[in-house]
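Could you put the whole structure together from the sequences, leaning on the hints where they help?
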Amino acid sequence: MSASILGLWNYWAVIVLMMTGLYIVTARDNLVKKVMGLNIFQVSVIMFYVSMAKVRGGTAPILVEGEETVLYSNPLPHVLMLTAIVVGVATTALALALVVRIQEAYGTVEEDELVRIDDDDG
Amino acid sequence: MSEHLPILQVVVPLLAGPLCLLLRHRLLVRGLATAVPLACLTIAGLLLHRVQQVGAISYHIGGWAPPLGIEYRIDLANAYVMVIVSAIAAVVMPFLPGHMGSAMVRRREHLFYAIFLLALAGLLGISATGDMFNAFVFLEIASLASYSLVALGRHRRALVAAYSYLIIGTIGGTFFLLGIGLMYQMTGTLNMVDLAHRLPEPMSPGTPGSRTVLVAFAFLAVGLSIKLAVFPLHQWLPRAYAHAPSAVSAFLAATSTKVSYYLLVRVVFSLFGAAYVFDALKLDRLLLPLSIVAMFAGSTAAIFQTDLKRLLAYSSVAQIGYMTLGVSLASVTGLTGGLVHLFNHALMKGGLFLAAACYGMRLRSSRIADLAGAGRLMPWTTAAFVTGGLALIGVPGTAGFVSKWYLVLAALEQGRWLVAVLVVASSLLAVAYVWRVVEVAYFADRDAGAHPIKEVPPLLLVPTWILIGATVYFGLRTELTAGVAEAAAGVLWESLR
Amino acid sequence: MPFPVDAILFVFLLTMAVVIARRQELFSAAMLTGLFSLLSAGLFTLMDALDVAFTEAAVGAGFSTILLLGALTRTTGLEYQQRRPRTRPLMIVFSTGAALIYGTLDMPHFGDPAAAIHHHVTPDYLARTPVEIDVPNVVTAVLASYRGYDTLGETMVIFVGGVGVLLVLTGRWRWRRRVR
Amino acid sequence: MSPEQAIAAALLVPLLGAAGVLLCRRRPNVREAVTVLATLLTFGAVASLVPAVTAGGRPGLELFEVLPGLPLAFAVEPLGMLFALVASGLWILTSIYAIGYMRSHHEGHQTRFYACFAVAIAAALGIAFAANLFTLFLFYELLTLTTYPLVTHHGDERARRAGRLYLGLLMATSIVLLLTAIIWTYAVAGTLDFRPGGILAGRADAPLAIVLLLLFAFGTGKAALMPFHRWLPAAMVAPTPVSALLHAVAVVKAGVFTVTKIVLYVFGLDLLRTSGGGEILAWVAAATLLLAAAVATVQDNLKRRLAYSTISQLAYVVLGAALANGTAALGGSLHVAMHAMAKITLFFCAGAIAVTAHKTEVSQLDGIGRRMPITCGAFFLASLSIIGLPPAGGTWSKWFLVLGAADGERWAMVAVLLAGSLLAIGYLMPVVVRAFFYPPPAAGEGHGEAPLLCLLPLTLTALGCVGQFVFAEPLYRLLAPIAGM
Amino acid sequence: MKQPRLLREEVILRVVSKALVPLILLFALYVQFHGDFGPGGGFQAGVIFAAGMILYGLIFGLANLQRVWPPRRVELGIGLGVMLYAGVGVATMVRGGRFLAYGALDPHHPVHGQHLGILLVELGVGITVASTLIAIFYALGRVPPEPRG
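Protein chains in written order, with my numbering: chain A, 1 to 122; chain B, 1 to 497; chain C, 1 to 180; chain D, 1 to 485; chain E, 1 to 149.
Warning: the hint list may mix true and false statements.
[Said to hold, decoys possible] Quick list of the computed label-pair ranges, beta carbon to beta carbon:
hint, chain 1, residue 1, chain 2, residue 2, range
1, D, Gly108, B, Ala450, 19 to 27 Å
2, C, Leu78, E, Leu23, 35 to 43 Å
3, B, Gly45, E, Gly61, 53 to 61 Å
4, B, Leu459, E, His34, 47 to 55 Å
5, B, Ala35, E, Phe37, 55 to 63 Å
6, B, Ala383, C, Phe27, 55 to 63 Å
7, B, Ala450, D, Ala52, 42 to 50 Å
8, B, Pro452, D, His358, 32 to 40 Å
9, D, Glu279, B, Glu455, 53 to 61 Å
10, B, Glu3, D, Ala52, 25 to 33 Å
11, B, Gly55, E, Phe37, 31 to 39 Å
I should point out that these hints are in silico values taken from the structure, not numbers from a laboratory. Ideal Cβ positions, reconstructed from N, Cα and C, are used throughout, including at glycine.
Shown next, in the form of structure tokens:
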């Protein structure tokens with residue numbers, strides 16, 4: 001048990017962060033706040049991947065000429081996460097653009113207000 | 001050039017998107033946007049033909065053999081899906097200029113087509129790929145494009161719908177990504193074939209085995225179920241489809257959920273295998289009730305809608321229930337039913353949303369009550385709607401019947417007669433919601449004060465009728481649907497292991 | 001045991017996430033989000049992911065923050081007080097988190113060189129890059145060549161995002177306020 | 001014309017007729033001419049098949065396979081031949097009658113009426129000629145859908161409610177029960193072809209056979225077995241020619257035809273007998289027979305009374321099939337034709353009275369026979385046929401039914417059959433008695449006989465009832481093979 | 001960005017940025033073309049380039065920036081970068097390789113082909129990313145078309 005705590009606490013910390021982000025997305029009414037939560041959520045997922053890539057005693061996967069015995073961390077998750085970051089920023093941008101438009105159209109960016117206005121519209 | 005067909009299938013629309021930005025001129029862009037889906041359809045047809053003859057094709061992108069590089073792997077199942085997706089795009093695209101023209105600022109039209117083509121490319125990319133992470137990337141391309149397209153609806157509610165679609169869609173996508181990560185952690189690979197071989201076998205058959213693999217499967221399944229709008233994760237769908245421009249709804253309803261379904265089926269059957277998913281996890285015990293509840297809840301909700309597009313959207317929730325039912329029956333016949341319904345539902349829901357778009361154009365409303373008198377004043381549109389509605393019900397001679405036939409047959413094969421009865425019984429709810437519309441359209445009189453309406457121009461009618469005609473054609477000739485679906489189900493069932 | 005920098009970073013990160021969740025003054029929450037990204041970039045550096053750290057610093061701490069601030073200037077700087085009870089989100093969050101933690105139980109331990117991912121495919125990348133691509137940064141080699149197609153997809157994601165924003169923000173059409 | 005071509009023509013001509021009607025919608029005279037021409041051509045095509053079938057031939061036409069092992073195929077056997085003859089023959093008369101009726105009633109939507117009518121006939125012929133259950137089901141649903149606009153012809157709230165009930169009940173039974181039964185049969189037997197002796201024989205055990213039989217019987221909502229009969233009285237809101245279509249020409253006949261055909265060619269009489277399913281079905285039919293007849297006696301509205309009479313008479317056919325012997329099956333099949341001729345006459349008469357005298361209730365008919373002697377005479381003749389008395393065709397069908405029941409020593413069923421006839425006297429004869437023997441109301445009304453276009457068809461069909469009695473031989477010879485005689 | 005008008009009046013900011021912006025751009029170019037050796041590449045370079053431009057726009061006004069980079073040209077850049085990337089793929093196909101098999105660009109020295117391919121591809125990424133971010137900045141920074149509320 002203690003071995004797994006020592007070996008896995010990193011993942012668990014990441015998961016706690018991730019869930020904090022997810023909580024902000026699902027529980028908050030403010031649309032901008034939701035986007036912030038989404039950011040935290042996505043960054044935590046990236047942390048999760050990067051944690052997988054880490055090799056104890058390893059170094060960044062930039063090859064050192066002539067050295068054969070260097071231990072490198074795994075480059076593949078890094079590559080994947082570069083893509084994930086891009087996906088994240090594209091999503092954020094689009095979400096915020098929508099938020100700006102919603103503010104223009106409704107005069108508010110609070111979810112419960114929006115629901116109320118739409119209900120009043122019939 | 002023919003060995004490049006798999007990549008061309010995706011790269012052609014992928015390149016055409018940015019090209020729209022460079023061309024800018026309205027007519028050029030429209031011409032390009034019309035031609036590209038046709039080209040895609042041709043390529044997909046060639047691929048399907050090729051796959052039928054030689055079996056699965058693998059295309060090594062960048063010349064790197066998998067699992068080092070990314071592989072496009074075309075077999076019957078995804079060739080079939082790509083034919084559907086590009087066919088729907090080819091039909092919907094000519095519809096767009098007439099439909100969207102009034103809703104948009106003229107000088108922004110090229111952006112719209114660029115996004116539309118990218119959505120197409122994303123969906124085709126998901127279908128073609130043999131690499132899980134690549135599937136994620138294209139899933140996000142398609143999703144981002146869909147969010148933007150939904151936001152273009154005419155009412156301001158479209159913005160809120162697009163926003164909530166974006167949030168829930170991103171959560172779904174991130175779940176999918178987490179699932180990939182866990183799976184990668186256990187295997188060290190992202191290639192689907194390789195994954196299927198390397199996923200650790202459970203110690204004893206009939207048990208889930210590794211907890212990580214189990215959770216990986218759960219996250220992949222939940223993530224995709226969100227994108228697919230499986231009950232009870234469906235709430236985004238009615239809002240998004242009801243407020244998106246009708247032609248966009250037609251395209252998304254007919255393709256986007258279908259591709260998610262394909263990917264789900266691919267993960268369930270090809271990657272994890274039926275033995276793992278059904279014998280060890282007993283997924284059917286969860287999915288079967290959910291599917292049936294979706295069928296009834298979706299249809300019941302549809303009955304009480306006052307808005308035509310919302311009605312169609314809720315009906316989609318129910319129809320997705322039929323498709324997942326096919327999976328949960330855990331047999332080749334059931335899967336065939338699901339895949340056939342994938343094709344058939346694409347046709348009929350696409351056609352129905354296009355009909356709704358025709359109504360919207362003339363009536364400037366999508367309320368059912370405003371359809372009064374449409375049966376006489378817009379006879380062709382209404383006839384199309386009725387025919388599509390009959391297909392939803394599953395009247396014999398329409399495509400919907402063929403789907404139901406396979407699903408009921410699959411249920412009876414396993415002696416689940418209650419499921420069989422429920423499947424047919426749920427069609428009655430479809431009768432109820434379709435007929436509500438039919439009665440208003442044919443028997444109610446249009447208000448004397450309402451603005452005059454007339455039939456829409458042929459430019460809009462022809463695409464609508466192509467889809468509706470196809471539902472009738474494929475209700476009678478099923479070599480291409482049931483035949484291919486059955487073979488594809490066989491391919492999927494064998495799994496890559 | 002060396003000085004647990006990463007543990008301290010995690011504590012910081014978590015504190016920040018909680019503050020972001022509770023902060024009603026949105027401008028400072030946005031700045032904190034940027035700071036959150038910056039700190040995670042530091043964490044990535046610790047875990048040898050230099051490229052990811054660089055990108056996260058540029059994008060998460062830089063551009064995303066600019067976006068957030070920009071959006072806030074055009075909406076509102078203050079969040080409403082929320083009164084409704086939040087049991088459903090809590091349930092979702094706890095069940096998801098529990099599932100994930102359950103899933104980690106059979107995972108290789110953090111930093112374990114024996115994990116499957118370090119022995120399949122990746123050794124090929126490390127061994128073949130000097131020969132076939134001849135660039136020292138294996139991340140670049142995998143990114144641009146071995147998995148170059150993913151990167152094309154990634155560029156397309158940016159493309160779609162950008163064009164989508166343009167379409168949403170500048171395509172000016174009128175909404176109808178009521179469904180009619 | 002080869003038999004294949006004749007089958008194709010019989011199915012296509014009505015459809016082409018419908019298209020022609022739509023094309024000529026601006027010129028009513030041409031439109032009606034097209035209709036009549038189509039009826040004649042269709043009947044010609046159907047009739048040309050008779051010699052071959054009587055001689056023992058079973059001409060067929062296979063179009064293409066819809067699902068694996070399920071072709072869209074047609075094959076003509078005696079029962080279907082009879083039904084096709086009835087439907088296409090009565091279509092001629094109904095069309096002529098409809099022209100008179102619709103014009104003098106100044107009905108709207110006449111183009112839609114004629115077009116849907118023609119498609120409905122095509123669907124009925126498709127049912128008649130279907131070579132397998134799948135094809136039959138396809139046309140069965142087509143028939144439901146094309147008759148829906150006819151039932152809701154007036155488009156007012158009453159018509160819409162009737163339409164909802166019509167469509168809802170027929171769709172619900174056919175989709176939930178009939179379709180389930182069909183797919184189940186396919187899963188058990190591996191085929192849906194109609195074969196003499198049945199496809200389920202030897203493949204289904206007794207409990208399954210009973211369940212399937214009940215699913216089929218109740219699923220065929222058009223056969224109007226209680227409790228799924230309510231659509232039929234409700235559909236009375238439609239114009240009289242539509243009632244004729246529903247009650248005599250196509251719809252309910254399609255229902256009992258389907259039941260009979262399923263009993264004969266899917267189950268086979270042996271399975272029906274040995275499984276005990278026949279017994280259960282017989283009692284269901286008997287109950288419907290008596291109940292509906294009893295209800296008919298207390299109806300004041302003439303058309304409603306006739307509607308319940310139809311329900312009762314349909315149960316005769318189902319009963320004939322359920323008795324599970326050749327003689328009774330023959331009687332039931334004959335009754336399809338006999339009842340069609342008689343019931344169409346009755347509806348024509350009711351319609352003629354409604355058009356001419358604007359009277360719809362039985363209690364209003366006092367003395368009307370003096371003003372409309374031909375109409376009421378025809379009504380009398382047709383009533384005899386329904387009751388089963390000479391010199392009308394119904395005599396023969398009831399005779400064979402009773403004979404079949406007696407052969408099987410099913411004395412209770414004999415009693416039911418006879419009681420049904422007595423009740424028929426009870427609900428039909430009062431009409432005749434009132435018309436001829438009651439004094440007309442004091443205030444004289446200025447109407448005479450019905451318009452010629454109405455009068456002509458009803459006279460012909462009334463004479464047809466007699467003709468069926470006198471010249472029953474060809475019908476008997478046509479149907480003999482199904483009874484194994 | 002929060003209050004552009006006020007920022008423009010800050011002398012110190014103006015002076016510092018004037019010196020900083022060229023440095024940022026230079027750094028962007030370094031990251032762009034040095035990605036093979038250290039961390040970085042087209043994506044990061046694009047972000048940094050855009051950041052420099054945005055800083056310029058914030059301090060010296062949107063109008064000035066748009067004089068250098070008209071919105072239309074930026075929009076073009078978005079498409080152009082992606083086209084460059086995909087174009088490399090098409091070129092490799094035309095030269096007989098698989099899509100994005102850079103080796104085909106230089107059949108005699110596949111490794112040179114790889115270098116060339118990576119260079120072009122990263123450039124495409126950089127162009128697209130920079131243009132997109134600038135375009136988003138323009139779109140967000142635009143004065144709202146109608147009064148808020």
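Against the structure, the hints:
Between Gly108(D) and Ala450(B), the C-beta spacing of about 22 Å keeps the proposed range 19 to 27 Å intact. The hint said 35 to 43 Å for the Cβ distance between Leu78(C) and Leu23(E), and at roughly 37 Å that hint holds. Range check, Gly45(B) to Gly61(E): Cβ separation about 55 Å, and the 53 to 61 Å hint holds. Here the CB-CB span from Leu459(B) to His34(E) is close to 54 Å, well matched to the stated 47 to 55 Å.
Look at Ala35(B) against Phe37(E): about 43 Å separates their beta carbons, and that is not inside 55 to 63 Å. For the pair Ala383(B) and Phe27(C), the supplied restraint of 55 to 63 Å holds, since their beta-carbon distance comes to about 57 Å. Distance hint for Ala450(B) and Ala52(D): a CB-CB separation of about 58 Å, inconsistent with the stated range 42 to 50 Å. In this structure the hint that Pro452(B) and His358(D) lie 32 to 40 Å apart at CB holds, the actual value being about 38 Å.
The beta-carbon spacing between Glu279(D) and Glu455(B), approximately 58 Å, falls within the hinted interval of 53 to 61 Å. Distance hint check for Glu3(B) and Ala52(D): the Cβ-Cβ separation is about 58 Å, which falls outside the suggested range of 25 to 33 Å. Judged by the Cβ atoms, the range 31 to 39 Å given for Gly55(B) and Phe37(E) is violated: they are separated by roughly 44 Å.
Of the hints listed earlier, those the structure fails to meet are numbers 5, 7, 10, 11, in rising order.
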